[in-house]
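J.: Here is how the chains run, residue by residue.
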Amino acid sequence: MQFDPFVIPFNIGLYFIITYVVVRCIIWFRDLSRPDKLRLQRGFFGKPFGESLKEIFLESLIHRKILKSNLRLGYMHMSLAFGWFLLIFFGTVEADVFGDHHLNAPYKAIFFRFFNPDHGRTGFESAYGFLMDLILAFILSGLLLAVTKRFYSRVVGMKKTTKLKITDRIALTSLWMIFPSRLLAESFTSGAYGNGSFMTGSLGAWFSTFLPVRELAYPFWWLYSLSLGTFFVLLPLTRYMHIPTELFLIFMRNSGIRTGDKPGTYSEVQTYSCSSCGICIDACQMSFAAGINTMQSAYLLKAIRKNDDVSHMAQNCLMCGRCDQKCPVGIELSPIRMIQRRMEDSENDFRTVYKGYFRSQQRPEPVKPVMPPSFGFIPEAEPKKVDVVYFAGCMSHLTPGIKNSMVKILNASGLSYSFIDEAGGICCGRPMMLAGLDREARELINLNSQLIWKTGARTLVTSCPICYKVFKESYYLDVEVLHHSQFIGNLIRENTVKFNFLRKRVVFHTPCELGRGSGVYDEPKEVLSHIAKLEKSKFEDQNSLCCGGSLGNLKIDSRDRIRIATQTAAELTKGDPDILATACPLCKKTLSAVTGTRVADIAEIAAEALVIPRQQRNIAKQIRIIKELADIS
Amino acid sequence: MNKHVIVIGAGVAGLEAAGQLSRAGIDVSLIEREKMTGGHLNDWFKLFPDRRDSREVKDYLEKFTNNDGIKLLAGIEIEKIINGRGGVKVTTSEGKELIADALIVATGFDLFRSSRKEEYGYEIYDNVYTSADLEKMFRKGKISLHNGKSPETIGIVHCVGSRDEKVGNLYCSKLCCVTAVKQAIEIREHLPESKVFCFYMDMRMGGAMYEELYREAQEKWGVNFIRGKVSEAGEDINNKVIIKVEDTLAGRPLKMELDMLVLMAGMEMSEGGRKIAGLAGLNAGENRFFAVTDQHYGSNRSSVKGIFFAGTCTAPMNITETISHSRAAATEVISYLNNK
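Here the protein sequences line up with chains E and G, keeping their order.
Be aware that the first sequence starts at 1, since it is given in our numbering, and climbs by one per residue.
Be aware that the second sequence starts at 634, since it is given in our numbering, and climbs by one per residue.
The hints are simulated quantities; they were obtained by calculation from the structure and are not laboratory data.
Computed from a predicted model, the values in this text were never measured in an experiment.
Cβ coordinates follow ideal geometry from the N, Cα and C atoms, glycine included.
A couple of the hints might just be wrong.
As the list claims (entries may be wrong) - A few chain E residues that face chain G, going by a derived Cβ cut-off under 8 Å, partial list only: (1) Thr122; (2) Thr399; (3) Pro400; (4) Val407; (5) Asn411; (6) Val594.
What the hints assert, rightly or not - Under the rule of at most 35 Å between Cα atoms (straight-line distance), these lysine-lysine pairs were calculated in the DSBU-like manner: (7) G:Lys782 / E:Lys472; (8) G:Lys853 / G:Lys873; (9) G:Lys853 / E:Lys385; (10) G:Lys773 / G:Lys636; (11) G:Lys873 / E:Lys627; (12) E:Lys68 / E:Lys627; (13) E:Lys555 / G:Lys773; (14) E:Lys504 / G:Lys668; (15) E:Lys149 / E:Lys165; (16) G:Lys668 / G:Lys782; (17) E:Lys504 / G:Lys679; (18) G:Lys877 / E:Lys384; (19) G:Lys713 / E:Lys574; (20) G:Lys679 / G:Lys769; (21) E:Lys536 / G:Lys799; (22) G:Lys636 / E:Lys504.
Claimed, not checked - Below, a sample of chain G positions facing chain E; criterion: calculated Cβ distance under 10 Å: (23) Glu695; (24) Asn699; (25) Lys722; (26) Arg749; (27) Glu751; (28) Glu756; (29) Asn760; (30) Glu798; (31) Gly801; (32) Leu803; (33) Asp835; (34) Gly839; (35) Trp854; (36) Ala866; (37) Met889; (38) Asp892.
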């Protein structure tokens, strides 16, 4: 039996963390809803398990997504994760093949060279040793980047890096110590025995010329074991908890589990899966345009983990969804933020949280009962029966150019339609939802639903992506919901209405709620390229910017809004287009305040290009004559 | 040899500064991008608070500038400004180079472009006008709607583009309130049968004889002042303007049908001023007007040696204040030249 007391710290740490993670996963599993438990069970025996293994390999080890977006940062993560994995894997094989027993205890593999100092004499053994040295060098190169990033984040192409708390610092230091101490321990041992490969061997030989390497090796093996043990024991208190949790997350996601609107296992697992890589901070316009670096998703998740008060943080966000798109772990960041917003005045009088290693139930102050809002003063409308309902939305009423253009297009289409909020309407409910007031929003949704249902329409057209998203997702209506860009697109495709081609260069700004929020990317661009010369910008589709006017942020100062809007407008008008086109009244309003370029909604551009049918032109003339006659009499 | 000063802008501020310098025996080159001097005075018919003709003021200013000591370059843009050891060198759009010992920037203001406040429907609805449009009607002597008829109910919206976070102008333009009062009286004079409603946030009557004018508007002319900001305007089938507004004193929302809506556009840093800022390396302050070195005693000084400011290019001002500010600029320049 090969044993030495220095392996004890490592053993304690390893068995502690394994037990801890298993227990925690069991608790998480137990807290899942019944359908989610079934999903997970199905997943275990089906395709999701295999898919998860593949994803774990590609994302948790190779870090493919980070590599794609930022090569140096990806290399840093890959070298640490994949390198460490390779070191453990080949180390285990090495111990199994070259050790005196098969199926060794883990410490035998980790501290192989200590127990087999004479190893590496034959050709095959030295080739294997070369491989092990190569892997260690790979990890050390990544570590060098990580250490530099901590002090100078631009090295890996990041503008900002996350700030750390004290336990994170200790864990980080122990993590940083692991590989250098292994290198030194192995080098000293190699130096003492006159073997070792290109790195440990030559380093050992050099050390042995001026250091008592035989005596020095032993304390460094202790240091190596202590670093590992400390790191493992502190792991649950730090962001490195993402290492085991992420595996569970990937499996849960592939089994079909989603965040939903209440806190639960999945949102908690996601919260612990965040590695604080900081990619969301770099993607955030609050950071790079307004200079606010306190509320980004990585910080929010950390604050949730620490069980801090997050209400201000949760509300100080544009909800543009850029971070959701960029998160390499695929954490549903906006839904988690929405959960925090809803919890503000939630009726749940408790929630469970982890405090340190243990789980505790928290009972916040009971919330005062909220008086149900009453919209009794709104008169009951009796709308006429039509095929198409047009709902401009309150923001379009503040940008009358848009609703007037839509009326022109709808008239030209010859469809039977009703402009349902022509004399002012009821809010669609989305602003309340964004503030976390779902119940109040539901009242508005019911009122609007009744109104739309009474018209018997089959199609609902709206000019506002904010309304579009909520009509699409939260209304239970048997109508086809279209944003006006989709509606105009249909008119073009079916050739119902003819449009001229405008000799204007147009660049398109995808509104957050329409693009990332609802997945409508192509239709507006198809419409624009039909009626004008559409040009590309640096910020297209998923990577589009927020205009800054977002209803989602309940805390931002107007000057910061203007900063964001100014930068967005400047980026989009770099090619000096004739028109900066958008498909949202709020984006139009926000951007037109900060740029000299003409900002127009897609409906306005379409109305400009509209070929008015001959028939209607005659009618218009006759109406004018009748009006004039009436005035004379 | 005589000293030479360039004045950019021949509005109220530029004319006054040029006149003062010339009377002190300094050669002046007065550069104006428009063909005509007088700036915004040309667009305004009568001036508050005494409602004298704007031409009287213009005539006064031009009386001092029509002399040999002042060379007027009208209809000319500036292409380059170089501030060196030998003085300020200005290159005009005609390719001419002028060298001067000092430069006064008097680029004035632009009226807020009311179409930016789209919810009020300027340039969308037929019967929405700005205060400047109304002045043109006054000069013609006829207030008429799009269809040529006289309006019966007229609404005046204060603070269009002023004190408005959403358009990015947090400051008060301070002249629109008294302009609204003046124009309301003038409308009532022209159309004795009409009803005029002013929608205001606060009435800022902080000038000589302003408060008296405000009182006259209410007592003599029966103008209605409603405290509340207009939220949006619409148009009905008869081309009437429908506005939504909250009467914050009565605490109730209002919906009103008006024949005509007049927007009191605020003042903004002029586009020409921004161009000069870029050419001469001058800084803009918080409200995008030129930044002065000190609010109390340096309101004519720029951060660049030899360049001074006069008038509304630094902040909203009325004509009285503009003329005083320009005289101060002339004094600053003279003492600068004497100590050079």
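J.: Please list, smallest to largest, the hint numbers that this structure does not respect.
T.: Numbers 1, 4, 5, 7, 9, 10, 12, 13, 17, 22, 23, 24, 25, 29, 33, 34, 35, 37 and 38, in rising order.
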